[in-house]
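**Student:** Line order of the protein sequences matches chains E and B.
For the record, in the first sequence the residue sitting at position 68 is 68 according to this note's numbering, with numbers rising by one throughout.
For the record, in the second sequence the residue sitting at position 114 is 199 according to this note's numbering, with numbers rising by one throughout.
Think of the hints as simulated: they come from the structure by calculation, not from any bench.
Treat the hints loosely; a few may be bogus.
As the list claims (entries may be wrong) - What the simulated footprint calls covered on chain E by chain B, stretch by stretch (three residues with Cβ under 8 angstroms from a Cβ of chain B suffice, anywhere in the stretch; the number is not a length):
hint	stretch
1	27-33
2	37-47
3	52-62
Glycine included, C-beta positions come from ideal geometry on N, C-alpha and C.
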Amino acid sequence: MATVKIKYRDKEYEVNAGMTVRDAIKKVGLQPEAVLAVSDGKLITDDTIITDGMRIKLVAVVSGGAPGPRAAAGGAVSITAGGAT
Amino acid sequence: MKCRKCGETAVINMRQHKLGLCAGHYLEWLPEQVERFVEKYRMFTRQEKVLVAVSGGKDSLGLWDILHRLGYRTEGLYIGLGIGAPQSGAGGDYSGESLRLSEAFAVERGLTLHVVDVEERFGATIPELAVISNRGHGKPCSVCGLNKRYIMNRAALEGGFDALATGHNLDDEVAVLMQNTFNWAAGYLARQAPVLPAAGGLTRKVKPLCRIYEREMTAYCLVRGIEYIYDECPHAEGSTTIYYKDILNRMEADRPGAKLQFYLSFLQAKEQGLFAQAEDKVDLHPCDRCGQPTSAPGDCSFCRLWDKVRLVKQTVGARPQAAPLLAR
């Protein structure tokens, strides 16, 4: 199955295409209410289905520092430290 | 998801309002909401002069943009805290970058931005001040708050502004509300409101974004193309506000509208007199030194704090505190 890269601050995640942005955010252990998703320089809603070839960047909305992601709820998630935001 | 107004692709889904909007309609909708709250809570009128406190962040710059678009008479106030300066011990140049963004924002719109640099004006950066004064258990947040409140109030009064507007959003308000509720801090609960009227030398303070989600403000800045400082203050990491915001966001994910409901129910309870007994009438009088309001006898806590710092730094009298803050 095709995977799609999601960037958040200095981290990079890979998720499977076919899921919604909201599910992907949860999958990587982030709060859906605490981030917004941007693709091709445009805001996208969290019900958007992730398709092969998309590049997604998550923008933190919470002021006052960024709490680290909580442990992901299982599934295939890879994290690459040092990816550009 | 489609925009409810035109059927184009939506850029934001506001689950708490069951509302999805495209970029164009979102940029119309949000200022309309802010205007509605400015009027509902009688914050200020279009004839009055408003000083907007800006930090270079999304909320304050977004607020200033919205008020300017709505036709309100605004000027900005930026307070240079010296965070991230070489002597501050924090990484990066946080204050320098936030000043650059605030100035660029003002120049682009032809707006007036007043800059008060704490070190230049009073003799030390906020992180230095925290170390020297030994307040705040190693974190500068306490002295930072004291300095910002003092400078904002004094600048608003000296500049003849009718109100001081800050970018506190719903998430900020609800995080504080939750913290104060857990501590049953009735006095603080009694004082939390969208508007704090002018009294005893204190200027009117207003929070036009008090019912706007933090997520909505971020979306507004992204769609509007407002460049803001993305990283928050390095000293804010691990703060209790972040802790409560995280809990509240989990609740919001399960129950859309939970944060707004908590805040609105609080305002309603307050209006019905739930915290009336806790409203303490503090006797304010002018500080013997600077004339700003204080409840302490003699000098205010700001003057006393800086006395201590000047003594340590041996710069007594180098910077007269009574000189006007704003260059006119």
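**Student:** For a quick check of understanding: which of the numbered hints are violated here, in increasing order?
**Tutor:** none
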